[in-house]
Amino acid sequence: MARFAVRRTFSMLLVLFAISVLTFLIFQAIPNGDPAQRLAGRTSTPETVAAIRRTWGFDKPIYDQYLLTMRNIFTGKVISYTQEVNVDRQIAQDLPPTLSLAIGAGVIWLALGVALGLLSAVKAGGLVDRGLTVLALVGISTPVFLIGAVMLYVLAYKLGIFPNGGYVGLTSNPLQWFTHMLLPWAALSMLFIGFYSRVLRSNVLDAMNEDYVRTARAKGISERRVLVRHVLRNSMLPIVALWGLDFAATIGGGAILTESVFNLQGVGQYAAQSIGQLDVPPVLVIVMFGSFFVVLLSALTDIVFALLDPRIRLS
Amino acid sequence: MLEVEDLRVEFTTDEGVVRAVDGVSFSLAEGEVLAIVGESGSGKSATVMSVLGLTRAAGARVQGSARLFGRELVTASEHELRGIRGAEIAMVFQDPMSALNPVQRVGDQIAEQIRAHERGLSRAQVDRRVVELMERVAIPRARDRVRDYPHEFSGGMRQRVMIAMALSCSPRILIADEPTTALDVTIQAQILEQLARLGEETRMGILLVTHDLGVVADIADRVAVMYAGQIVEDGTLDELFYDPQHPYTWGLLGSIPRVDRERPERLPAIPGAPPSLARTPHGCRFRPRCPHRFERCEAPPPLELRLDDSPGHRDRCWLEPGDKRRLRLVGGQVGLAAGGTVIA
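Top line first, the protein sequences correspond to chains A and B. So the first sequence is numbered by this note's numbering: it starts at 1 and just counts up by one. So the second sequence is numbered by this note's numbering: it starts at 1 and just counts up by one.
A couple of the hints might just be wrong.
One-sided excerpt, in silico: chain A residues whose CB lies under 10 angstroms from chain B [as the list claims (entries may be wrong)]: (1) D206; (2) D211; (3) A216; (4) S222; (5) F293; (6) P310.
Rather than coming from a laboratory, the hints here were simulated on the basis of the structure. Built from N, CA and C at the ideal position, the CB exists for glycine as well.
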């Protein structure tokens, strides 16, 4: 266990380093991306640009700029180019909506994905299965910006049942928080429910043909127990792996479309804005922040793997 | 105890209706070991599985009758069957690696069966019983090993776990479907010896499904040979081994390596493959592969007594008993495979 922790921590540092260097270099290569020019504005004199370049350190070699940015990020002093606000503080402020979205939707898509996948497998070939298959495909192939926009138009704008986007803090008004989050949860979950239920369905169908399931039936235990104890448990590994990564990506600002459509003012929406403005510091921080969660969750996933299947050993 | 009469199992597949079991009848008495022998696809597993309503593929249709102490199993409800499975009729399967749930402790897997049939036992009582069962099938350090997972056991030990599980509710009948096929030869003997001993101790009937006549010779009292979904010969162990009546049985017996005979160039095999059960040959089903076929084989031979001196020894072959004895000696069990000449 200790070795596992050390190895995963080391690989996490490696991933963060590689990702940050790559992101940094990409922004150096983007045409028309000179930050000094952009900070100075369109009607600036070469003198102003040069002055900005000197004060922000853009005239230094790339590796110096990288080191300086990294130091600022980890000491909490990194400033965005466009609004010149503290990026770390901005992200801390954007985190509650993103966490609300990720946790709520993550629970919903895991529970419904597993439930519908299992139902689909048990009724394989029947009408219920076929209906769920079509629904799953619709869910997978409809983009969030379409589902989200339609939801907002019909349920919020036309019928007025739900608020028209935005975020209300959980602590300030729990009920408002809940009604504001329902539509984003639904929109984001739909894709994953479709996908997870398809994956689980095929896993369950495979597991049902296993010899140990026949053994379980031959024991005379109830069909329900056969399904839950013997079939489902052996079908969950890929789902756990998927969920870990998808959940991590959502926390790390991966739900860019959902956050933007519903104007949640979360990390993802901040990422979208910053990329649009070629604002390197926020993008760097968010990318590293997201990678951190992906690596962390993949380590946790491995631990859950070992708990679910005794044949798997950590490290 | 168990009376199976005219059992038929059909599967609907892409190739059409496959009749895997076609009118099989046999009975099993207390303390008796009945071996059902045949090649892969002869319908032997489908026969025993359908007795417990465990025929795997969806769309299987089971007809005929299988009575356990007079109770009909073929038409029994799923609920009734559940009460019988594991409690009155228990099963041991072929591959103990895949037949045990890889993510559940072996002790829990045995306990699950006990709890399914006997309510009201305390945790401690069940635990004690599990350890006793594992000791009974000679698993060393049973007390420690209940908490181990299947992958931590060797193949032979896993099969012992399967047997312990099967015995957990003191069943009247044990169905063993190729119980030793996946094991090393030395382990095979141990497991068979154990099954035979347990059968004697508990007086349970054992239905042994196998393609291995060596296994049969070790523990069976009676033998039924299956071919293409039908029993082609049945009788006592001695009758079948010393006076086999059906050319298919001769072929099976000829395929056993023997140390007491001159070694043939290669081990003989029955030429050809079993017929597709979707399109069984008309007449005698073994006819296409039989070196001794003649005109009469165009009509299907019934399974009946054809010998005056051994009551209970039935077969499905039109040849005269005298011809059979001569042919299997002349052609010999070895000659059957090499030959192909039609005599008579």
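Hint check:
1. D206: This hint is violated: D206(A) lies away from chain B, its Cβ roughly 13 angstroms from the closest one there, beyond 10 angstroms.
2. D211: Hint holds; D211(A) Cβ to chain B Cβ min 4 angstroms, cut 10 angstroms.
3. A216: This hint holds: A216(A) lies near chain B, its Cβ roughly 7 angstroms from the closest one there, short of 10 angstroms.
4. S222: Holds, because the Cβ-Cβ distance from S222(A) to chain B comes to roughly 7 angstroms (cut-off 10 angstroms).
5. F293: 28 angstroms, violated
6. P310: This interface hint holds because 4 angstroms falls under the 10 angstroms limit.
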